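Student: Sequence:
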Amino acid sequence: MHAAKYVLEQTWRLRKLETVHDNVFWRGAAPRISICVPTFHHDVTPLLESLSKCEATEAIEVIIYDDGSRDHDLLARMEASAGKALAAVRIVSAQANRGRAAARNAAITHARGDWILLVDADMTPDTPVFVRAYLDAMDHAAGPAVIVGGYSLQSAPQDRAYALHRWQARTSECIPASQRREAPGRYVFSSNVLAHRAVLEACLFDESFSGWGWEDTDWGLKAQKRFPILHIDNTATHFGLDSTQQLMSKYARSGGNFARMAQRHPEDAATMPPLSYGDASARRAFSQIFQVARSGCCEVRELSSRRARPRSQDVARTRLFGGAVMVQWTYVPSRSPPAKVQRHVVQWRTACQAEVAPDRPVISFTFDDFPKSALNGADIVEKHGGRAGFYACTSFAGQRSPVMGEMFDAATLAELRTRGHEIGAHSHTHLDCARARLEKVERDIGENLVALSELGHHETVSSFAFPYGETTYSAKRWVGDVFATGRGILPGMNIGECDRSQLRAVELGASAMHRRRALAALKTAIDPKGWLFFFTHDVSRSPTNYGAPSDLMEELAQRAVEANAVLAAPTFGAALSGVID
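Each step along the sequence shown adds one to the number in our numbering, with nothing skipped, and position 280 is 280.
Bear in mind the hints are in silico, worked out from the structure with no lab data behind them.
For clarity, every value in this text was computed on a predicted model and none was experimentally measured.
Take these hints with a grain of salt, some might be off.
As the list claims (entries may be wrong) - List of simulated lysine-lysine pairs, DSS-like, C-alpha gap at most 30 Å: (1) Lys529 with Lys383; (2) Lys372 with Lys440; (3) Lys372 with Lys383.
Please model the entire structure based on the sequences and the hints provided.
Tutor: Right, here's the structure in full:
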């Protein structure tokens, strides 16, 4: 409480740095609700026009707080709009930009109503009864409370440039009140939330949150410890969707805010649906939308000027991508002496150190690219009580490989997900990460994640496998930030200190040499209790040169279970091995 009073005192001292403009209705108004709208370089005219069309405008006042835009033309437009509004309006113009949390706190000090409605400048009410619905909810509240109205995309722009942000908002924000009530504090979004003055006096927004993101989550989780959080369906449309590049930039800069929020509310952060794990201190705990946004671009570029093969019908139907993909089935990584030296240096240079120490041996069967015949491997692993990992190269989806036959499609992903197997990332174009700039690696992996979503896989993707097992040090550091595990193809077992961004693995093949190596590796993993990856592509009685015979997989799974090993998909294997919490 003392901290809240201190912040309020500091805010009042800054009043001398503010310029105030009131419309004709302000002086005589007796508002029940004060609508506070922080803004920075954004024209609030559409919001003011929408609020003027609502019922019961006599019960509200609107406070527009311009957080240091210092744009005289913009300010003149907003003042003109305030003059036409059918409600009391005050426009406060600050001389310096202090951030979202500080702007909200400053706007609240101008409020005269007992209830304060926080609305972002890029929102607009969905119905004319927007204000009346909040008045009714206030009357039914038993005392000071927080009332959350919710989001919608009812009138949001439909441009392809905003497809990623629409998907993110639809899956994590545009949620009905009945679902939000299951975790009331988690779904407090300050873009459309009504709070009693007593709540805001006790729980101000923390101004140590700088830039974009997570300050409203922190505020909501603090408020729920002292006051009831009520959820109703009284939505407003989020007009201010961001392009993929803009969204990328925001999420990339919000890491410090997320860490601050998660540090204060570790139990809540660990159970948030959009997050990967409960390790609040790790940047990899961001949601899949962060993974996609961080990658930089959703546009797939052609790899050559030759005519592209037909793309997967499922992916093409949504038309999120900007071009076609040329599938290069016969690409071979460089085997030149410099390339070989680079591979050895990168493999032995740890990017993300972790300690592997499972209580029981852990065996992870994994399948790369992957052809539909890999489901035979899933059958074998399931038969022995385990689950496997499938690394999907999404440009192959729905196509027929001249090497491995029919590749996975949306139905394959859905089946594997239903059966409890893990879907991992494998880049979109089967990119040789050792020969590409980091920006290209990030973009290609981001396209991989978006394509998986388009194919119906909306769960967080926690594991990654490098195509060809190749990478650079910077690429695997980035992979370690975004994913729980990255798997390479350097032969060996993972035990003791290891690099979780390039875990070792043993290839399964049809030759006698592959069989001897696989059985020897399994025996080595059993006694000291290590974590062993097997990887292959297709699985059948007569596999291709890239695949494994069914009988070898059967024998390995049987021996592993007899030796008390756990057959685990990559992320579960990481948890069992102590690599992640």
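Student: Each hint: holds or not?
Tutor: Hint-by-hint comparison with the structure:
| no. | hint | result |
| --- | --- | --- |
| 1 | Lys529 with Lys383 | holds (22 Å) |
| 2 | Lys372 with Lys440 | holds (28 Å) |
| 3 | Lys372 with Lys383 | holds (18 Å) |
In summary, this structure violates none of the numbered hints.
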